[in-house]
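Here are the chains, one letter per residue:
Number of protein chains: 2
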Amino acid sequence: MSKLQVSKRGRDVIASPIRKFLPYVQATEKKGIKVIKINVGDPDLVPPQDFFKVIRAYAGKTLPYTPSPGIPAHTAAWQTYFKQFGVDLPMSGIIPAVGCAEAILLAMQAVCDPGEELLVFEPLYASYKSFAVMTGIKLVPVLLPFEKNFALPTAAEIEKKITKKTKAVVVINPDNPTGKLWTEKELNTVVAIAKKHNLFIISDETYREIRFDGKKPTSLLANKAAREYVIVCDSASKRFTMPGARTGVVASFNTDVMHTILKFAQARLSTPTLEQLGLIPVLNNSKPYVTKLVKEYHKRRDVIAEGLAKIPGVVFKPAQGAIYQSLQIPVKESEDFVKFMISEFSYKGKTVMVTPMQDFYITPGRGHSEIRVAYVLDSKILKEAMEILREGLKAYLAK
Amino acid sequence: MSKLQVSKRGRDVIASPIRKFLPYVQATEKKGIKVIKINVGDPDLVPPQDFFKVIRAYAGKTLPYTPSPGIPAHTAAWQTYFKQFGVDLPMSGIIPAVGCAEAILLAMQAVCDPGEELLVFEPLYASYKSFAVMTGIKLVPVLLPFEKNFALPTAAEIEKKITKKTKAVVVINPDNPTGKLWTEKELNTVVAIAKKHNLFIISDETYREIRFDGKKPTSLLANKAAREYVIVCDSASKRFTMPGARTGVVASFNTDVMHTILKFAQARLSTPTLEQLGLIPVLNNSKPYVTKLVKEYHKRRDVIAEGLAKIPGVVFKPAQGAIYQSLQIPVKESEDFVKFMISEFSYKGKTVMVTPMQDFYITPGRGHSEIRVAYVLDSKILKEAMEILREGLKAYLAK
Numbered sequence: 001m002s003k004l005q006v007s008k009r010g011r012d013v014i015a016s017p018i019r020k021f022l023p024y025v026q027a028t029e030k031k032g033i034k035v036i037k038i039n040v041g042d043p044d045l046v047p048p049q050d051f052f053k054v055i056r057a058y059a060g061k062t063l064p065y066t067p068s069p070g071i072p073a074h075t076a077a078w079q080t081y082f083k084q085f086g087v088d089l090p091m092s093g094i095i096p097a098v099g100c101a102e103a104i105l106l107a108m109q110a111v112c113d114p115g116e117e118l119l120v121f122e123p124l125y126a127s128y129k130s131f132a133v134m135t136g137i138k139l140v141p142v143l144l145p146f147e148k149n150f151a152l153p154t155a156a157e158i159e160k161k162i163t164k165k166t167k168a169v170v171v172i173n174p175d176n177p178t179g180k181l182w183t184e185k186e187l188n189t190v191v192a193i194a195k196k197h198n199l200f201i202i203s204d205e206t207y208r209e210i211r212f213d214g215k216k217p218t219s220l221l222a223n224k225a226a227r228e229y230v231i232v233c234d235s236a237s238k239r240f241t242m243p244g245a246r247t248g249v250v251a252s253f254n255t256d257v258m259h260t261i262l263k264f265a266q267a268r269l270s271t272p273t274l275e276q277l278g279l280i281p282v283l284n285n286s287k288p289y290v291t292k293l294v295k296e297y298h299k300r301r302d303v304i305a306e307g308l309a310k311i312p313g314v315v316f317k318p319a320q321g322a323i324y325q326s327l328q329i330p331v332k333e334s335e336d337f338v339k340f341m342i343s344e345f346s347y348k349g350k351t352v353m354v355t356p357m358q359d360f361y362i363t364p365g366r367g368h369s370e371i372r373v374a375y376v377l378d379s380k381i382l383k384e385a386m387e388i389l390r391e392g393l394k395a396y397l398a399k
Numbered sequence: 001m002s003k004l005q006v007s008k009r010g011r012d013v014i015a016s017p018i019r020k021f022l023p024y025v026q027a028t029e030k031k032g033i034k035v036i037k038i039n040v041g042d043p044d045l046v047p048p049q050d051f052f053k054v055i056r057a058y059a060g061k062t063l064p065y066t067p068s069p070g071i072p073a074h075t076a077a078w079q080t081y082f083k084q085f086g087v088d089l090p091m092s093g094i095i096p097a098v099g100c101a102e103a104i105l106l107a108m109q110a111v112c113d114p115g116e117e118l119l120v121f122e123p124l125y126a127s128y129k130s131f132a133v134m135t136g137i138k139l140v141p142v143l144l145p146f147e148k149n150f151a152l153p154t155a156a157e158i159e160k161k162i163t164k165k166t167k168a169v170v171v172i173n174p175d176n177p178t179g180k181l182w183t184e185k186e187l188n189t190v191v192a193i194a195k196k197h198n199l200f201i202i203s204d205e206t207y208r209e210i211r212f213d214g215k216k217p218t219s220l221l222a223n224k225a226a227r228e229y230v231i232v233c234d235s236a237s238k239r240f241t242m243p244g245a246r247t248g249v250v251a252s253f254n255t256d257v258m259h260t261i262l263k264f265a266q267a268r269l270s271t272p273t274l275e276q277l278g279l280i281p282v283l284n285n286s287k288p289y290v291t292k293l294v295k296e297y298h299k300r301r302d303v304i305a306e307g308l309a310k311i312p313g314v315v316f317k318p319a320q321g322a323i324y325q326s327l328q329i330p331v332k333e334s335e336d337f338v339k340f341m342i343s344e345f346s347y348k349g350k351t352v353m354v355t356p357m358q359d360f361y362i363t364p365g366r367g368h369s370e371i372r373v374a375y376v377l378d379s380k381i382l383k384e385a386m387e388i389l390r391e392g393l394k395a396y397l398a399k
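If you read the protein sequences in the order shown, they are chains A and B.
Sequential numbering from 1 applies to the first sequence in the working numbering.
Sequential numbering from 1 applies to the second sequence in the working numbering.
Rather than coming from a laboratory, the hints here were simulated on the basis of the structure.
Hints may be right or wrong, so weigh each one.
Since the list gives no way to pick out one identical chain from another, each pair is judged satisfied if it fits inside one copy or across any two copies.
The calculated lysine-lysine pairs, modelled on DSBU-like cross-linking and capped at a C-alpha distance of 35 Å, are [said to hold, decoys possible]: (1) 339 <-> 380; (2) 383 <-> 31; (3) 61 <-> 216; (4) 3 <-> 61; (5) 195 <-> 164; (6) 185 <-> 299; (7) 61 <-> 34; (8) 224 <-> 295; (9) 8 <-> 31; (10) 287 <-> 61; (11) 317 <-> 61; (12) 165 <-> 138; (13) 292 <-> 53.
Turn these sequences into a full structure, and let the hints guide you.
Right, here's the structure in full:
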């Protein structure tokens with residue numbers, strides 16, 4: 001007789017890497033040292049006030065379920081939002097989700113059965129790894145090499161990883177954790193591969209507008225050649241600075257996909273009512289807020305780049321998008337360095353917490369000299385953080 | 001080369017049965033006929049006003065993610081709430097979820113791998129069927145016979161369905177869709193089986209307090225003998241009449257289970273911030289609201305029972321709990337009857353929409369003469385609805 005035991009997927013899924021650092025951070029903070037946290041994508045910016053206005057004014061007597069395809073005005077607001085990128089989705093091509101996280105889970109289950117494969121590029125936003133374990137899907141990684149600023153390998157290189165079990169490919173653009181912006185040519189390579197091998201493209205566009213140096217925001221849904229293949233997973237969390245609202249969306253022109261995702265969504269009924277309502281005016285008039293937001297992140301990107309340029313041994317190219325800067329540091333084990341920073345080191349009563357990159361890789365052994373910085377704080381603090389990082393690295397290497 | 005095609009789980013999952021009736025309802029409403037909807041569990045009651053007060057008063061500048069184990073005061077409020085049922089959970093034994101729906105999904109994935117089996121009792125809340133398809137888990141049904149008022153079969157009967165792949169058993173108490181209340185003896189039978197065969201018990205207690213005829217609310221977590229085995233899935237949706245808040249919870253004394261569910265929860269980061277905050281005062285002072293609510297549902301249950309008693313050929317025992325009454329009607333195909341009611345029939349300009357029960361069964365052929373009534377409307381309307389049902393059934397049988 002078997003033991004009472006949790007599932008294999010439950011045992012296999014990894015704990016949030018941030019969690020293991022928590023006790024160190026807490027101990028350090030107890031000593032009175034300030035820990036500047038630029039490890040997670042939880043920004044300090046103020047969300048559009050229309051969101052709160054609508055929620056405060058909610059006059060409904062009851063708080064009912066919404067339809068699974070969303071409150072019509074909410075779904076229509078996403079429709080309006082997407083139009084500015086040349087994407088003219090029907091209402092049935094849009095289903096609200098609980099953050100981009102649920103959108104990804106729904107999309108993955110819609111295209112892959114347990115045991116099937118999903119092509120991904122590493123380094124990869126770590127939640128995909130957990131979602132894959134939970135849903136029984138195998139992630140097959142294609143390396144985007146740090147040395148080549150995360151450039152896509154040739155189609156032939158990518159195709160080597162495709163098997164009979166491959167059902168889809170994931171593109172995150174702009175990318176977390178690398179800060180990479182996909183070029184038109186790279187996107188076309190992926191589209192061509194998808195069409196040739198009949199693969200869906202899960203296009204995670206959470207950071208869509210957050211592109212620097214004048215780059216225009218786009219959506220893979222605007223690529224007419226790829227229409228049937230693309231499933232966009234998206235979220236209000238980053239572009240409107242409201243991760244706690246957990247308002248995401250799945251969008252596709254593929255009617256089979258949307259019908260499937262609707263059936264999944266019906267089983268869990270609906271997403272929260274108030275946040276759907278609050279997001280309507282925000283989506284209907286996104287540009288003013290987003291324009292300011294991108295300017296702010298651009299400034300922060302520059303501050304980070306300037307600070308990093310002054311640290312001996314650090315290798316990086318300034319991020320092209322999203323809210324993350326990835327970099328190489330002259331250490332063997334960045335996790336050990338991070339631990340050092342949050343438990344042994346301080347500079348003028350402060351220290352910095354960044355993210356070691358190894359957990360963003362699937363292939364063991366990779367990313368051990370890389371870290372990710374999230375520029376989720378004010379430029380002044382970020383400038384200081386880069387100085388602390390410099391001093392910390394110096395101290396660590398002198399050990 | 002394979003075709004671009006959604007996953008098998010995507011094809012296999014069934015659409016919400018309500019959806020197929022929607023076009024009929026819309027056409028009927030267009031004709032000016034009022035459709036009294038007592039088919040879904042979306043009640044008319046007003047939720048506790050403290051919930052809205054807290055949300056309206058939200059003064060945070062940002063809207064950040066919350067910790068995956070919940071805002072501490074929110075998790076502590078669940079802890080306080082559970083204490084009144086003799087359940088003294090540690091904070092780590094509680095994780096907020098997006099409605100009971102997500103709680104069930106998390107619990108199922110924590111105990112079963114793809115291909116493994118979950119013992120359930122049919123008729124069964126239909127979302128379990130979809131969740132099983134999505135997660136690759138096989139549901140193995142044990143019949144609770146309508147004729148015996150859904151009484152549990154003997155342990156020996158149940159054990160016949162247990163295989164090497166069985167990992168857990170689901171108990172919904174009070175039960176949707178039957179309105180059944182589990183007896184102490186029945187619960188003990190399931191606990192004994194779980195302990196003998198090393199099965200987890202997923203205890204869906206969404207309707208916990210909604211018990212009639214003076215029956216006291218309990219939780220299976222209060223059963224000390226079953227401590228390690230029980231995973232409670234719960235929600236604020238029904239007891240506080242706020243389904244649109246999507247605030248649920250998973251609770252267990254089993255540390256392996258909670259550690260696993262925390263890892264799953266971390267991957268999708270957190271549940272919405274505002275609703276977690278709003279629920280705090282409601283959970284901390286649940287009794288006054290819930291007492292009134294149960295009284296109201298009790299009254300409605302009686303109104304339904306009185307109305308049904310006047311319909312020739314209808315067989316039922318008054319529901320003992322939850323917000324549903326299941327009944328047999330003298331027809332071969334209740335789905336056809338429901339269609340008749342919402343497309344061909346009206347009485348004094350009104351008609352009634354109820355739920356045919358067959359979709360609550362897993363075994364084909366079952367439930368075709370059964371319907372479910374949700375008493376989610378005012379007694380006066382319910383009384384009228386029962387009259388319309390009587391006239392409708394008469395007209396249907398006369399066809």
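- Query: Looking back at the hints listed earlier, which ones does the structure fail to meet?
  - Reply: 4, 9
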